[in-house]
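J.: Here are the chains, one letter per residue:
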Amino acid sequence: SQKIEQNSEALNIQEGKTATLTCNYTNYSPAYLQWYRQDPGRGPVFLLLIRENEKEKRKERLKVTFDTTLKQSLFHITASQPADSATYLCALVKGTGTASKLTFGTGTRLQVTL
Amino acid sequence: DAGITQSPRHKVTETGTPVTLRCHQTENHRYMYWYRQDPGHGLRLIHYSYGVKDTDKGEVSDGYSVSRSKTEDFLLTLESATSSQTSVYFCATGPGLATVDTQYFGPGTRLTVL
Numbered sequence: 001s002q003k004i005e006q007n008s009e010a011l012n013i014q015e016g017k018t019a020t021l022t023c024n025y026t027n028y029s030p031a032y033l034q035w036y037r038q039d040p041g042r043g044p045v046f047l048l049l050i051r052e053n054e055k056e057k058r059k060e061r062l063k064v065t066f067d068t069t070l071k072q073s074l075f076h077i078t079a080s081q082p083a084d085s086a087t088y089l090c091a092l093v094k095g096t097g098t099a100s101k102l103t104f105g106t107g108t109r110l111q112v113t114l
Numbered sequence: 001d002a003g004i005t006q007s008p009r010h011k012v013t014e015t016g017t018p019v020t021l022r023c024h025q026t027e028n029h030r031y032m033y034w035y036r037q038d039p040g041h042g043l044r045l046i047h048y049s050y051g052v053k054d055t056d057k058g059e060v061s062d063g064y065s066v067s068r069s070k071t072e073d074f075l076l077t078l079e080s081a082t083s084s085q086t087s088v089y090f091c092a093t094g095p096g097l098a099t100v101d102t103q104y105f106g107p108g109t110r111l112t113v114l
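The listed protein sequences derive, respectively, from chains A and B.
Each residue of the first sequence is one higher than the one before, starting from 1 at the first, in our numbering.
Each residue of the second sequence is one higher than the one before, starting from 1 at the first, in our numbering.
Don't read these hints as lab results, they were simulated from the structure.
Hints should not be assumed to be uniformly reliable.
Below, in silico cross-link-like pairs of lysine-lysine (BS3-like), each with a Cα-Cα straight-line distance of 25 Å or less [what the hints assert, rightly or not]:
#1 B/53 <-> A/94
#2 A/3 <-> A/63
#3 A/55 <-> A/94
#4 B/57 <-> A/3
#5 B/11 <-> B/57
#6 A/17 <-> A/57
#7 A/94 <-> A/3
#8 A/94 <-> B/11
#9 A/57 <-> A/94
Simulated coverage check for chain B against chain A, where a stretch passes if three residues somewhere in it have a Cβ under 8 Å from a Cβ of chain A [to be verified]:
#10 15 to 27
#11 43 to 50
#12 86 to 97
We treat Cβ as the ideally placed atom computed from N, Cα and C, and that holds for glycine.
Bound conformation, chain B alone (with noise of 0.2 Å):
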């Protein structure tokens, strides 16, 4: 998984809280990137880091946020987490632009809401 390591790697919380996923990566890789997988819509980008304190939104970023203090670290949060956010989330990291590079990807996390 090219030392990309996710947090939590499940976790359940109720409709109303906030939550916080965390991936860390070893490779120093200047882009990182959050997805999310559901059935019947394969992977999804959240939002996207192109540099510390440079991030952009993906396509579904309604209801999260992200921020990057530190070359390792991408932090993606649910301000208030709802039904619909219920999903696995995968972290992912990128030496180079996506036009001529692999994404490294970490195990997921599987979130729920109740």
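Bound-form chain A, shown alone (with noise of 0.2 Å):
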């Protein structure tokens, strides 16, 4: 079955350094990927789309690679800030047209430590 994995357990990270998150995904053949951010009580909020004849993608401090061979993303945030502490989701696009839907990760939590 298809499936999305993003790791479950929480990143800590010191501030400054670059967080790395992963999402993996098995059976899928997305040719969309997409990044969100979600703070505690909060809805989703959208922070990258790359699709997959881009292999990377960038918006500020913020960083994401996609690779179809490995069925990865990969998104990084470079001098993170106590204020990035958020979960993040990944979520690949199902279908064409207007059937086409967002089918999302678990996310993972990051937390930057002064």
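Build the complex from these two chains, which are given one at a time in their own frames, with help from the hints.
T.: Structural data, given as structure tokens:
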């Protein structure tokens, strides 16, 4: 069956370091992948979308890679700050046209400490 | 939250009672979605709409129905609530297809079924 895996254990990192979060998937061939941020008690907020032919996408301190051979996406936050502490969700696009939908991973909680 | 409101924000109800959750958007987005979020499962799609009166099932649609009579409103109904439907429910909207566009999430509704 199709599966999206994100590390369920929290990632603890020191301020200023680079945080790297992993999203692995099986039995999927998504052409698009999205990353969201979710703070406690709030809805997810979109961060980045990457297409299968883009390999890498950047936005300010964020970088996403998409390796369709490894079936993996990596999400990097450089120069991390305590305000980056949140849960990060990856989502794969399934289906086409009006039937296209997002399937989410369970998320990885990032804790950035001083 | 891109002009998305959900009501009620919190609800406690008893098993067997009907429950309706409302999502209202002011963005004129074509696509609307209902998700539930549970520990260990992440966000799972219940139903979605790709236009007024156009709806379809998601991954976990059993026990739920939806209606969309206006662009701005998307209702989720639990005909006879069960304890397994205790969850946090998120509405999301999108201007375009999930393949190319982000989804904007509401603040969520916490539903407890006793």
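J.: Run every hint past the structure and note whether it holds.
T.: Outcome of the hint check:
{"no.": "1", "hint": "B/53 <-> A/94", "verdict": "holds, 22 Å"}
{"no.": "2", "hint": "A/3 <-> A/63", "verdict": "holds, 23 Å"}
{"no.": "3", "hint": "A/55 <-> A/94", "verdict": "holds, 19 Å"}
{"no.": "4", "hint": "B/57 <-> A/3", "verdict": "holds, 19 Å"}
{"no.": "5", "hint": "B/11 <-> B/57", "verdict": "holds, 24 Å"}
{"no.": "6", "hint": "A/17 <-> A/57", "verdict": "holds, 20 Å"}
{"no.": "7", "hint": "A/94 <-> A/3", "verdict": "holds, 12 Å"}
{"no.": "8", "hint": "A/94 <-> B/11", "verdict": "violated, 32 Å"}
{"no.": "9", "hint": "A/57 <-> A/94", "verdict": "holds, 20 Å"}
{"no.": "10", "hint": "15 to 27", "verdict": "violated (count 0)"}
{"no.": "11", "hint": "43 to 50", "verdict": "holds (count 5)"}
{"no.": "12", "hint": "86 to 97", "verdict": "holds (count 3)"}
In this structure, the earlier hints numbered 8 and 10 are contradicted, and the remaining ones agree with it.
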